[in-house]
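Taken in order, these protein sequences are the chains called A and B.
Residue 1 is where the first sequence starts when you use the numbering used here, and the numbers rise one by one after that.
Residue 1 is where the second sequence starts when you use the numbering used here, and the numbers rise one by one after that.
I should point out that these hints are in silico values taken from the structure, not numbers from a laboratory.
Keep in mind that a hint or two might mislead.
As the list claims (entries may be wrong) - For lysine-lysine, the following DSS-like pairs were computed, each having C-alpha atoms within a straight-line distance of at most 27 Å:
(1) Lys107(A) - Lys209(B)
(2) Lys279(A) - Lys323(A)
(3) Lys113(A) - Lys203(B)
(4) Lys26(A) - Lys65(A)
(5) Lys118(A) - Lys203(B)
(6) Lys54(B) - Lys253(B)
(7) Lys184(A) - Lys118(A)
(8) Lys231(A) - Lys184(A)
(9) Lys8(B) - Lys136(A)
(10) Lys80(A) - Lys203(B)
(11) Lys209(B) - Lys253(B)
(12) Lys65(A) - Lys80(A)
(13) Lys113(A) - Lys80(A)
(14) Lys181(B) - Lys136(A)
(15) Lys323(A) - Lys302(A)
(16) Lys113(A) - Lys136(A)
(17) Lys203(B) - Lys107(A)
(18) Lys342(A) - Lys26(A)
(19) Lys136(A) - Lys203(B)
(20) Lys182(A) - Lys231(A)
Said to hold, decoys possible - A short, non-exhaustive set of chain A residues, derived as facing chain B with CB atoms under 7 Å:
(21) Gln79
(22) Gln85
(23) Val91
(24) Tyr93
(25) Asp94
(26) Thr95
(27) Pro105
(28) Arg152
(29) Phe229
Everything numeric in this text was worked out from a predicted model, so none of it was measured.
Glycine residues also receive a C-beta, built at the ideal position from the N, C-alpha and C atoms.
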Amino acid sequence: MARIDLVDLAHSYGGNDAPQDSFALKPVTMTWRQGGAYALLGPSGCGKTTLLNVISGIITPSRGKILFDGEDITPLSTQKRNIAQVFQFPVIYDTMTVGQNLAFPLKNRGVPKAEIDKRVAEIGRLLDLDPYLNRKATRLTADAKQKISLGRGLVRSDVAAVLFDEPLTVIDPELKWQLRSKLKALHRELDLTMIYVTHDQTEALTFADTVVVMHDGRVVQSGTPAELFDKPAHTFVGYFIGSPGMNILPAEVRGREARIGGHVIALNRSYDSLPPSAKIEIGVRPEFVEAVAPAPGLLSAKIERVDDLGRIRFARARLGDAKLAARAPAGFTSPDGTAGLKFDPSHVHVYADSLLVEGAA
Amino acid sequence: MDKTVNQKAWFLVLPVFLVVAFSAVLPLMTVVNYSMQDTFGNNQFFWNGVGWFKELLDPSTDLGGRFLASLGRNLFFSLVILAIEVPLGIVVALSMPRQGWTVAACLVILALPLLIPWNVVGTIWQIFGRPDIGLLGYVLNAIGIDYNYVSNDIDAWVTVIVMDVWHWTSLVALLCYAGLKSIPEAYYQAAQIDGASRWAVFKAIQLPKMNRVLLIAVLLRFMDSFMIYTEPFVVTGGGPGNSTTFVSIELVKIALGQFDLGKAAALSLVYNLIILIVCWIFYTVMTNAGAERKPQEGAA
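Using the sequences and the hints given, assemble the complete structure.
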């Protein structure tokens with residue numbers, strides 16, 4: 001059990017001298033508290049698995065340090081770090097029974113037999129594996145195998161953190177929910193630091209209390225699901241999280257006003273000192289744009305279609321070259337294919353070169 | 001339910017019947033026929049019933065003695081080369097590089113002995129081992145080891161075994177290497193995290209994953225070594241005495257040397273039967289092992 005600090009951590013598969021743009025993991029400094037449930041979220045190739053492997057010690061970082069409870073463990077091998085990792089595909093030792101699989105990490109560390117038996121029984125019970133302890137592990141289903149992989153990590157009483165590398169990829173959708181709730185329950189029960197890598201936002205948002213969003217090797221935002229939703233720090237976060245993602249529209253911003261094609265949208269805060277050469281955009285979630293009948297004073301857009309998601313409807317609109325989604329209230333129709341857009345000023349954010357700008361009050 | 005009856009369709013099947021008859025059934029039946037008869041040349045045959053088979057299994061007769069002795073030698077030879085080639089092949093496969101240009105280099109070097117024809121391998125070792133002009137034989141004698149495969153039984157055996165190991169360990173190594181390459185990286189990473197030693201990784205991951213290719217390797221090497229003829233024949237000619245006379249060499253001696261077609265036919269039938277039975281055992285074991293692993297592969 002430990003607090004994990006990443007200090008200026010970076011990794012390049014091409015070596016430390018490669019240009020920084022090519023780094024798989026660009027320098028990151030952050031702290032993960034003991035007992036937290038973290039999710040590393042991002043599309044394939046964003047560096048999340050690299051970061052995970054750096055923490056578990058499978059990869060030695062090209063730069064920076066990792067501290068467990070303040071102690072530098074960067075040079076330590078995987079064996080010496082008290083880390084458990086569950087991989088995308090279940091790793092099972094074919095010739096062993098479930099019980100022997102669970103006992104394997106303890107046996108390798110020379111733990112006395114009585115102690116091993118006790119721990120295996122305990123973890124078996126925790127993971128609902130006790131009916132299978134004496135069965136060959138090869139014949140079990142994928143989700144049971146993933147539980148065994150997890151159990152091999154949990155069986156060590158000194159484990160500092162459990163890392164998950166997209167562990168639900170091969171699990172049937174129905175069982176995914178069960179296994180995820182099981183993980184949640186274990187997290188509450190065992191007070192372990194858990195780090196969960198995924199590209200599935202539902203998985204990340206339901207599992208973690210802190211979601212770390214990665215993009216192109218960089219950590220772009222780390223926060224609670226609510227923070228990521230309400231105040232994306234990067235246009236990528238806005239776009240990646242939420243379904244549909246945030247609308248990002250190029251605009252001119254001056255003071256408390258944003259202009260799109262000559263039309264003025266009011267802002268809640270004042271933006272006076274925007275960098276002059278930056279690309280300025282406004283971002284607003286579809287939930288905070290309302291499509292209504294065209295009226296003077298409203299930004300007007302062409303409606304392409306209306307998606308009915310059951311509880312909510314979204315109008316897909318076109319605004320010049322830009323596409324956007326807007327909430328379509330009950331009874332909304334657009335006989336002539338145009339609509340007016342009503343923005344909620346408190347949820348319109350301003351981005352300079354894709355980064356959130358905090359306006360003045 | 002009107003079925004078209006057209007007896008002419010038999011003509012389409014006829015070529016297959018003919019080919020199979022002339023290539024397999026007739027030659028085999030000829031051998032069966034010979035095995036029941038005795039001949040003194042001049043194409044004169046005398047009925048002998050199962051006489052030859054009785055003799056074959058009775059060590060007190062000349063035929064039985066020779067057959068059982070050569071069978072014993074052959075089984076011993078197969079066991080020895082398996083005991084050497086399988087572990088050695090595994091070790092070679094484990095120590096091969098996993099990536100980079102050295103992989104290709106290693107594969108080519110390993111494949112080389114496999115590409116050399118049997119009698120050339122025999123000739124190479126026949127010359128290599130000669131005490132007068134062969135590098136191996138000369139050097140061994142020069143450093144004080146009395147080595148002569150022509151006159152010493154043990155030397156002859158060692159030569160034949162080392163030759164087979166030289167020729168065929170590559171096959172086992174290549175098969176094992178293929179088996180090792182198919183193990184996903186995550187297994188090694190998980191083992192690292194579980195704190196497994198090198199030996200534990202071998203026992204828990206590599207050996208079980210190589211299981212199947214090893215079975216194939218053992219089958220191939222057993223069948224091949226059980227039927228071995230050319231290499232020992234070129235090197236030792238079955239000698240000194242009969243010490244390296246394996247079943248196939250004995251068979252050729254009886255069939256072509258003594259022209260005892262009846263005895264030779266009976267011997268080859270029994271020889272064939274042994275090979276079929278061993279094949280069947282291996283096949284059954286392998287398919288059973290395969291069936292046991294099916295669900296796991298579906299899940300992974």
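How the hints compare with the structure:
Of the pairs offered as hints, the one joining Lys107(A) and Lys209(B) holds, with about 21 Å between alpha carbons and a cut-off of 27 Å not exceeded. For the suggested pair Lys279(A) and Lys323(A), the alpha carbons sit about 18 Å apart, so the restraint of at most 27 Å is met. A C-alpha spacing of about 20 Å is found between Lys113(A) and Lys203(B), which places the hinted pair at or below 27 Å, so the restraint holds. For the hint pairing Lys26(A) with Lys65(A), the CA-to-CA distance comes to about 13 Å; that is within 27 Å, so the pair holds.
The straight-line distance between the Cα atoms of Lys118(A) and Lys203(B) is roughly 25 Å, inside the 27 Å bound, and the hint therefore holds. Only pairs whose Cα atoms come within 27 Å are accepted, and Lys54(B) paired with Lys253(B) is accepted, the gap being roughly 20 Å. For the proposed pair Lys184(A) and Lys118(A), the alpha carbon gap of about 24 Å is at most 27 Å, so the pair holds. Pair hint Lys231(A) plus Lys184(A) holds up; C-alpha atoms about 26 Å apart against a cutoff of 27 Å.
With a CA separation close to 57 Å, the supplied pair Lys8(B) and Lys136(A) exceeds the 27 Å bound. For the suggested pair Lys80(A) and Lys203(B), the alpha carbons sit about 21 Å apart, so the restraint of at most 27 Å is met. With a C-alpha separation of about 44 Å, the suggested pair Lys209(B) and Lys253(B) falls outside the 27 Å cut-off, and the hint is violated. A distance of roughly 16 Å separates the Cα atoms of Lys65(A) and Lys80(A); the hinted pair therefore holds under the 27 Å criterion.
Under the criterion of a C-alpha separation no larger than 27 Å, the hint pairing Lys113(A) with Lys80(A) is consistent with the structure, at around 21 Å. A threshold of 27 Å between alpha carbons decides the hint, and for Lys181(B) with Lys136(A) the separation of about 24 Å falls inside it, so the pair holds. Of the pairs offered as hints, the one joining Lys323(A) and Lys302(A) holds, with about 10 Å between alpha carbons and a cut-off of 27 Å not exceeded. A threshold of 27 Å between alpha carbons decides the hint, and for Lys113(A) with Lys136(A) the separation of about 20 Å falls inside it, so the pair holds.
Taking the CA atoms of Lys203(B) and Lys107(A), the gap is about 14 Å. The hint holds against a cut of 27 Å. At most 27 Å may separate the alpha-carbon atoms for a hinted pair to count; Lys342(A) and Lys26(A) exceed this at roughly 39 Å. For the proposed pair Lys136(A) and Lys203(B), the alpha carbon gap of about 16 Å is at most 27 Å, so the pair holds. Only pairs whose Cα atoms come within 27 Å are accepted, and Lys182(A) paired with Lys231(A) is rejected, the gap being roughly 30 Å.
Interface hint status for Gln79(A): upheld, as the beta-carbon distance to the closest one in chain B is roughly 5 Å, under 7 Å. Of the supplied interface hints, the one on Gln85(A) holds, with its beta-carbon coming within about 5 Å of a beta-carbon of chain B, less than 7 Å. Look at Val91(A): its Cβ gets to within about 4 Å of chain B, closer than 7 Å, so that hint holds up. At about 4 Å, the closest approach between the beta carbon of Tyr93(A) and any beta carbon in chain B falls short of 7 Å, and the interface hint on this residue holds.
Because the smallest distance between the Cβ of Asp94(A) and any Cβ of chain B comes to about 4 Å, under 7 Å, the interface hint for this residue holds. Against a cut-off of 7 Å between C-beta atoms, the interface hint on Thr95(A) holds, since the closest Cβ of chain B lies about 5 Å away. Interface hint status for Pro105(A): upheld, as the beta-carbon distance to the closest one in chain B is roughly 4 Å, under 7 Å. With 7 Å as the threshold, the beta carbon of Arg152(A) comes within range of chain B, its nearest partner Cβ sitting at about 6 Å, so the hint holds.
Interface hint status for Phe229(A): violated, as the beta-carbon distance to the closest one in chain B is roughly 33 Å, over 7 Å.
Hints 9, 11, 18, 20 and 29 from the list above are not met by this structure, while the remaining hints are.
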